[in-house]
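Trainee: Sequence:
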Amino acid sequence: MVVPMETEEMEQVTDGFALFTDRSVVAMRVNGELKDLATTVTETDTVEPVTIDSPDGLNILRHSTAHVLAQAVQAVNPEAKLGIGPPVTDGFYYDFDVETPFTPEDLKALDKEMSRIVRAGQRFIRRVVTDDEARAELAAEPYKLELIGLKGGAAEGGAVPGDAGESVEVGAGELTIYDNVDPKSGETVWKDLCRGPHLPNTRMIGNGWALMRVAAAYWRGSEKNPQLQRIYGTAWPTKDELRAYQHRLEEAAKRDHRKLGAELDLFSFPDEIGSGLAVFHPKGGIVRAEIENYLRDQLVSHDYELVNSPHITKGSLFETSGHLQWYKEGMFPAMHLDEEIDGEGNVTKQGQDYYLKPMNCPFHNLIFRARGRSYRELPLRLAEFGTVYRYEKSGTLSGLTRVRGLTQDDAHIYVTDEQVKDELKRQLEFVFETLRGYGLDDFYLELSTKDPDKYVGSDEQWEVATETLREVGMESGLDLVPDPGGAAFYGPKISVQARDAIGRTWQLSTVQLDFNQPERFELEYTASDGTKKQPIMIHRALLGSIERFFAILLEHYAGAFPLWLAPVQVIGIPVADEYAPYLGAIVAQLKGSGVRAQIDGSDDRMQKKIRNATTSKIPVQLIAGETDRAAETVSFRFRDGTQENGVPVAEAIERIRAAIADHRMVATQGDL
RNA sequence: GCCGGCUUGGCGCAAUUGGUAGCGCACCGCUCUUGUAAAGCGGUGGUUGCGGGUUCGAGUCCCGCAGCCGGCUCCA
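Here our numbering runs 488 ahead of the position in the first sequence, where the first position is 1.
Where hints are given, some of them may not hold.
[Said to hold, decoys possible] Using C-beta positions, here's what the derived DEER-type ranges look like:
id: 1; residue 1: Val767; residue 2: Asn713; range: 31 to 41 Å
id: 2; residue 1: Gly810; residue 2: Lys913; range: 27 to 37 Å
id: 3; residue 1: Lys913; residue 2: Ala1064; range: 54 to 64 Å
id: 4; residue 1: Asn713; residue 2: Glu959; range: 37 to 47 Å
id: 5; residue 1: Thr534; residue 2: Asp1150; range: 48 to 58 Å
id: 6; residue 1: Glu921; residue 2: Ala1073; range: 32 to 42 Å
id: 7; residue 1: Arg607; residue 2: Pro566; range: 20 to 30 Å
id: 8; residue 1: Lys596; residue 2: Asp744; range: 25 to 35 Å
id: 9; residue 1: Gly965; residue 2: Asp1150; range: 44 to 54 Å
id: 10; residue 1: Ser882; residue 2: Ala858; range: 33 to 43 Å
[Stated by the list, open to error] Listed next, the in silico DMTMM-like pairs over lysine to aspartate or glutamate satisfying Cα-Cα at most 25 Å (straight line):
id: 11; residue 1: Lys1105; residue 2: Asp988
id: 12; residue 1: Lys942; residue 2: Asp971
id: 13; residue 1: Lys816; residue 2: Glu832
id: 14; residue 1: Lys569; residue 2: Asp670
id: 15; residue 1: Lys942; residue 2: Glu807
id: 16; residue 1: Lys913; residue 2: Asp967
id: 17; residue 1: Lys712; residue 2: Glu634
id: 18; residue 1: Lys569; residue 2: Glu625
id: 19; residue 1: Lys600; residue 2: Glu634
id: 20; residue 1: Lys727; residue 2: Glu711
id: 21; residue 1: Lys596; residue 2: Asp585
id: 22; residue 1: Lys881; residue 2: Glu807
id: 23; residue 1: Lys569; residue 2: Glu634
id: 24; residue 1: Lys742; residue 2: Asp578
id: 25; residue 1: Lys913; residue 2: Asp791
id: 26; residue 1: Lys596; residue 2: Glu738
id: 27; residue 1: Lys600; residue 2: Asp619
id: 28; residue 1: Lys913; residue 2: Glu948
id: 29; residue 1: Lys1020; residue 2: Asp910
id: 30; residue 1: Lys913; residue 2: Asp785
Hints are computed from structural coordinates only; laboratory data are not their basis.
Where a beta carbon is used, it is the ideal one built from N, C-alpha and C, also for glycine.
Can you build the whole structure from these sequences, using the hints too?
Mentor: What follows is the structure, encoded as structure tokens:
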């Protein structure tokens, strides 16, 4: 929301240039709508300034920069056809249909041309046109012509249906073209179909922008359409802000889990195994085990039952669940087993199709169904770390966050109608509590509702379920963001989004209602009045997949895990070989009490050992030499280089154990 | 799956216009080791992702494949 800096009393017709002399004002809101400063207003209008550093102002800056990019592209290559060029988070893009894709050299040339256009100070002039005029002027721009056609269908005051940025070009109501006018000659040097608003002139773009990368993108976001070449850029009010943004990107790159995974020897993706299939090395394996152990403890202490199921199954199970109908292309192909063929090639015994499981829920349904169930057992909470396999498209695979083999911490909770709401509330609380234990504590919620093109069940079921989720979400006190059409086909879901240490958000836990599977599996329980009733099923994944959660924690902590998660928690560094036995005894005591402690027995000198321990992000270095041995003490050195000397051995061990138990971050003196 | 880029010893990088594949770290060996981020010397290791082709000669050029990266589409 833009807070009015000043609301002018107007006596007559004027415009934004006259109203706002502050140069940081780049546009204005007239009666709530964004307009160019050149728009004329009267005394009955409510006018608010839009500064360049406000969210609206940044969007305008970025959109105007996108126009300059498009102009530069057509200056370099007049054959390029224009797609769309909206602002996006931190920047903008513009799509082009060109004969040959852009190269890095092309970007350099475009960068130069853009600088020239910015310096020229071309004015953005808005001009209302009729559909026919627009068609005539843009006859050489087939994609723009398509957008003009779409405009007719646009809802009142809203965006183009299925909007993927097109609304930047054509809004509802009148159609407008922006002319780029050279201030010296008064000539129109370029023009583009655009809803606006824009900066008053290109000079205001300044030098806080950069072209980032090229990529292909389907026209209007559909695989069925041709691919256009997309250029991404970023734009900021000042060069300093651009540099700060670039610095943020570098910082994020430093904590990339793929990089840290190799550096810290946590996991790898051997080509020999196949794309999207990871192996965890010893150091990654122990972190993973700690992640799971903590969650398992939480499950047991919160009334879950631990179950287990196999990795493959006959296809009929996934026919019952519906997965083979809905997601077959995302499953590994069937293994056709047990077929027998005689000498003539005739099938003498019918075979069976087995599939790697892409989901755990059907198995849990079978466990529910394994015997008669009483209402007294509900809510029944079945949980499993279930490894599933999904045939993700090759281009979508990415590190540990998008893989083909993953372990879900998957729980299915069977409840009566009356229990749904309380159970959902309980689930959310459980999720928050558990995530905090991992060191994540900044959350918001997202409510994913029905995709009108892909759902089963009655509208009423969906409405009731969605409303219940909404109420529970609202009662949590967290922000609840709508995600229309984001639900799976079988029911709405509420998901917990967590912000990490550098402000990025990740979708973590999901709590999803399902009224489809209980029906398909004919699940039932005996109610208190002796009648058979169908339970409602809640899918609850807390971490999502262990692999992805591992990646998120690794990036959140930039590899510097809290003590309980660190692969090596304590390393003993003797000042000289002579003190190795003394330290070794202490390390042995630590190991005996369950601490992952080692002694550095290499023939490196002490300083090198300290360096090695520090670069591998071990939280606690235990150092001992003559002084410590004589006093029966040890010295702590922490990740940041701070130290605490002469700590009595028994106290040191106890302090380490306590910090592990408390899931404490130990990074500096005073943390332990 | 689609578009583009990339691929040199475990890791990070070098190799003038095609002309005998190098460096640092890691690893191994020897000598050294006394208080908080790199001791010294020596050594092993690559048919330059794989398969074809052009050439007297290919890490350098061309084609195909694989893997990875950035996007798009998808994500139960």
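Trainee: Against each hint, give a clear statement of whether it holds in the structure.
Mentor: Now the hints, each set against the structure:
At roughly 39 Å, the beta carbons of Val767 and Asn713 sit within the given window of 31 to 41 Å. As the Cβ distance of Gly810 to Lys913 is approximately 28 Å, the hint placing it in 27 to 37 Å holds. Between Lys913 and Ala1064 the Cβ separation comes to about 60 Å, which falls inside the hinted range of 54 to 64 Å. Against the hinted window of 37 to 47 Å, the Cβ-Cβ separation of Asn713 and Glu959 comes to about 40 Å, which satisfies the hint.
Remark: the range hint 48 to 58 Å for Thr534 to Asp1150 is upheld by a beta-carbon distance near 55 Å. Evaluation of the 32 to 42 Å hint for Glu921 and Ala1073 yields a pass: the beta carbon distance comes to about 39 Å. Between Arg607 and Pro566 the CB atoms are about 22 Å apart, so this pair conforms to the stated range of 20 to 30 Å. At about 26 Å, the beta-carbon gap between Lys596 and Asp744 stays in the expected band of 25 to 35 Å.
Between Gly965 and Asp1150 the beta carbons are some 26 Å apart, a value that contradicts the proposed interval 44 to 54 Å. Range check, Ser882 to Ala858: about 39 Å between beta-carbon atoms, so the 33 to 43 Å window is met. Taking the CA atoms of Lys1105 and Asp988, the gap is near 19 Å; set against the 25 Å cutoff, the hint holds. At most 25 Å may separate the alpha-carbon atoms for a hinted pair to count; Lys942 and Asp971 meet this at roughly 15 Å.
For the hint pairing Lys816 with Glu832, the CA-to-CA distance comes to about 33 Å; that exceeds 25 Å, so the pair is violated. Using a Cα cut-off of 25 Å, the hinted pair Lys569 and Asp670 holds, with the two alpha carbons roughly 22 Å apart. For the given pair, Lys942 sits about 17 Å from Glu807 by alpha-carbon distance, which is consistent with the 25 Å threshold. With a C-alpha separation of about 15 Å, the suggested pairing of Lys913 with Asp967 holds against the 25 Å cut-off.
Among the hinted pairs, Lys712 with Glu634 is consistent with the structure: their alpha-carbon atoms are about 15 Å apart, no more than 25 Å. For the given pair, Lys569 sits about 14 Å from Glu625 by alpha-carbon distance, which is consistent with the 25 Å threshold. For the hint pairing Lys600 with Glu634, the CA-to-CA distance comes to about 31 Å; that exceeds 25 Å, so the pair is violated. For the given pair, Lys727 sits about 37 Å from Glu711 by alpha-carbon distance, which is inconsistent with the 25 Å threshold.
Pair hint Lys596 plus Asp585 holds up; C-alpha atoms about 19 Å apart against a cutoff of 25 Å. Our distance criterion of 25 Å between C-alpha atoms is met by Lys881 and Glu807, whose separation comes to about 22 Å. With a C-alpha separation of about 12 Å, the suggested pair Lys569 and Glu634 falls inside the 25 Å cut-off, and the hint holds. With a C-alpha separation of about 19 Å, the suggested pair Lys742 and Asp578 falls inside the 25 Å cut-off, and the hint holds.
Restraint check: the Cα-Cα separation between Lys913 and Asp791 comes to about 15 Å, which is no more than 25 Å; the hinted pair holds. For a cut-off of 25 Å, the pair hint linking Lys596 to Glu738 stands: about 21 Å separates their Cα positions. Restraint check for Lys600 and Asp619: not satisfied, since their Cα atoms lie roughly 35 Å apart, outside the 25 Å limit. Pair hint Lys913 plus Glu948 holds up; C-alpha atoms about 22 Å apart against a cutoff of 25 Å.
A threshold of 25 Å between alpha carbons decides the hint, and for Lys1020 with Asp910 the separation of about 22 Å falls inside it, so the pair holds. Distance restraint check for Lys913 and Asp785: the Cα-Cα separation of roughly 20 Å lies within the 25 Å cut-off, and the hinted pair is therefore satisfied.
When the structure is compared with the earlier hints, violations turn up for hints 9, 13, 19, 20 and 27 and for no others.
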